[in-house]
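*Asks:* If you want the building blocks of each chain, they are given just below.
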Amino acid sequence: MLAAFVLAAGCKPVDTAPLGEGQVIEIRQGTTANFEGLRIGLSSISESDYTGSAGEKKHGLEVALVLLNRGTPPQEQRFDLRAGGTAEFYGYSVYVQEIRGGAKGSVKLQIKTAGKPPAK
Amino acid sequence: MKRAILYPVVSSLLLSLWPFFGAADAAAASMSASQCVRSMELLEKEMASLNSQIKACKKESGRQQLRVKLNRTMQKLRSTTRLCAGAAETPAATSKSGAAPANAGGLNLAGRSGAIAGLGYSGNPLAASGTPTSAADAANCAKSGKTGASNPKFDKLNCKFWIFGCSSIPDVDYGEVDGELFVDGGGDASNIDASDVNQGGIGDCYYLASVAAISRQDPDRIKNMMRQNDDGTISVDFNKKKHWWEFWKDDFSKKTVTVDNTFPLDKNGNPVFAQFGDQASNGKLETWVMAMEKAYAQFHGDYNDIASGGWPEDAMEQLTGKKSQKFSASSVTLEQFADWDKKGYAITMASKSSVSNKDVVGGHAYYYKGVDLDKKTISLGNPWGYNHATLSLEEFQKNYSYVAINPIK
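For the protein sequence lines, the chains are A and B, in the order given.
Following our numbering, the numbering of the first sequence begins with 1 at its first residue and continues without gaps.
Following our numbering, the numbering of the second sequence begins with 121 at its first residue and continues without gaps.
Simulated from the structure, these hints should not be mistaken for lab results.
Cβ atoms here follow ideal geometry from the backbone N, Cα and C, with glycine treated the same way.
Be careful, since some hints might not be right.
[Claimed, not checked] Subject to a maximum C-alpha distance of 20 Å in a straight line, what follows is the list of computed SDA-like cross-link-like pairs (lysine to any residue):
#  : chain 1 : residue 1 : chain 2 : residue 2
1  : B       : 443       : B       : 339
2  : A       : 12        : B       : 311
3  : B       : 387       : A       : 27
4  : B       : 478       : A       : 87
5  : B       : 478       : A       : 53
6  : B       : 478       : A       : 81
7  : B       : 478       : A       : 47
8  : B       : 478       : A       : 60
9  : A       : 104       : A       : 27
10 : B       : 387       : A       : 110
11 : B       : 442       : B       : 472
12 : A       : 104       : B       : 425
13 : B       : 472       : A       : 103
14 : B       : 518       : A       : 46
15 : B       : 478       : A       : 77
16 : B       : 478       : A       : 12
17 : A       : 104       : B       : 482
18 : B       : 489       : B       : 311
19 : A       : 12        : A       : 59
20 : A       : 12        : B       : 352
21 : B       : 360       : B       : 347
22 : B       : 375       : B       : 359
23 : B       : 478       : A       : 110
[Stated by the list, open to error] The following residues of chain A were derived to be distant from chain B, with all beta-carbon distances above 10 Å:
#  : residue
24 : 29
25 : 34
26 : 43
27 : 44
28 : 50
29 : 83
30 : 86
31 : 88
Between the sequences and the hints, there should be enough to build the whole structure, so can you do that?
*Replies:* Here it is, written out as structure tokens:
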């Protein structure tokens, strides 16, 4: 029985990419998280075939993130990303470091403010 | 959940004591079987409440006083059990068997009452809430001048693999916020508005969509559920639905929970679960949704118990004390939505776990915002507070599984 549980846990698909830069934030399917003036919602996680950057056939997970910039007026945009992908949005850089599939899927992001001049 | 553990313990204790109670007491004839069941259940609830108060109490002296009360209540329960011994042929007829005595019809005890009142049970509606049952209890348990309102836990939200257990979210702890319960934001129809609802990092969309649906339709309903107490704590009234076997009870019973003005915050002091609503001109941020979420967590046990999904039809019932109705999304029409809205129903809907429309979050609860009968579209509110959707009826039917409505009043 324990083996079955181990197997079940091990069967959840996970796509990872090398560690990036920025604050790590984990978000579960259907929920949101904040980073400064940015809200990030995890809309969906899907599994599909795709073509890699070198033209190779691949199969993996894709997340749909809905980003909201809490400015005036607020702006929102959807991004479909795979592990290793980055969304640039209103000065924020959102890097997808890990995607976990399954019914309670989640995504691990690394977020930093892009193009912001270093503090003096 | 704690009570669920306590009941079998109490029942086992009673069963073990049963032979010492002797034969049927003559006084048993003054209590009907249903009165016995009701009386014992109330006492068990009081014991459960006292138990949770003891756990939440921050002072040893306060805990000691509560233990004395608990012992007294246990004595009452024993007396009641003795009185009822003759009213039921088997111990299995005690309240927590969950069923009325099978032989209740043959006891012929109808019309005889008064024994329950003689037991001195107060019938305090707060008894099962886990909040202090008296001001004295609150004062005895208070630390730094606050009532014994406890903070629901969130220590099992970070589960990677079930077999390796769960842990708390890192860098999150309770902290006070500089907020006001209600703030009238620009463009709000009332200072309670569906737009104040902003879901955070836990999966309670079903509850927050229900809160938004009721706020949109009847903001006063939400306002009347909440009370800010003199000590700064907030009490919220919920409605507990009876179990199917509790046929002698009303459909819903009121249960009040009290929470204080602290919320789970990240290391920068920002809320991680439900977010602030509007901001007042003095800079203070609106907290009523955060308080409603915290109270709901306490109503169910803790944040762990509400964080992994649920059903909006149940949440609406717990908020209003009225029964919800469900309809398959494939069978509803835009005219039906308009009609329900006109009649004052709170309307929520659940999306399918796998959706084809990119504007729809899969496996998520939404609330109704309106229909455009000319353009033949329906507008749906996302409890995230953004990423709302406007869909044709066909797209709605393709991506949603059902609609739940609640009459509120």
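*Asks:* Look at each hint and say if it fits the structure.
*Replies:* Evaluation of the provided hints:
no., hint, verdict
1, 443(B) <-> 339(B), "holds, 19 Å"
2, 12(A) <-> 311(B), "violated, 44 Å"
3, 387(B) <-> 27(A), "holds, 17 Å"
4, 478(B) <-> 87(A), "holds, 17 Å"
5, 478(B) <-> 53(A), "violated, 24 Å"
6, 478(B) <-> 81(A), "holds, 14 Å"
7, 478(B) <-> 47(A), "holds, 15 Å"
8, 478(B) <-> 60(A), "holds, 19 Å"
9, 104(A) <-> 27(A), "holds, 10 Å"
10, 387(B) <-> 110(A), "holds, 17 Å"
11, 442(B) <-> 472(B), "violated, 26 Å"
12, 104(A) <-> 425(B), "holds, 15 Å"
13, 472(B) <-> 103(A), "holds, 12 Å"
14, 518(B) <-> 46(A), "holds, 18 Å"
15, 478(B) <-> 77(A), "holds, 11 Å"
16, 478(B) <-> 12(A), "violated, 24 Å"
17, 104(A) <-> 482(B), "holds, 12 Å"
18, 489(B) <-> 311(B), "holds, 18 Å"
19, 12(A) <-> 59(A), "holds, 14 Å"
20, 12(A) <-> 352(B), "violated, 45 Å"
21, 360(B) <-> 347(B), "holds, 19 Å"
22, 375(B) <-> 359(B), "holds, 6 Å"
23, 478(B) <-> 110(A), "violated, 24 Å"
24, 29, "violated, 7 Å"
25, 34, "violated, 6 Å"
26, 43, "violated, 5 Å"
27, 44, "violated, 5 Å"
28, 50, "holds, 17 Å"
29, 83, "holds, 17 Å"
30, 86, "holds, 20 Å"
31, 88, "holds, 19 Å"
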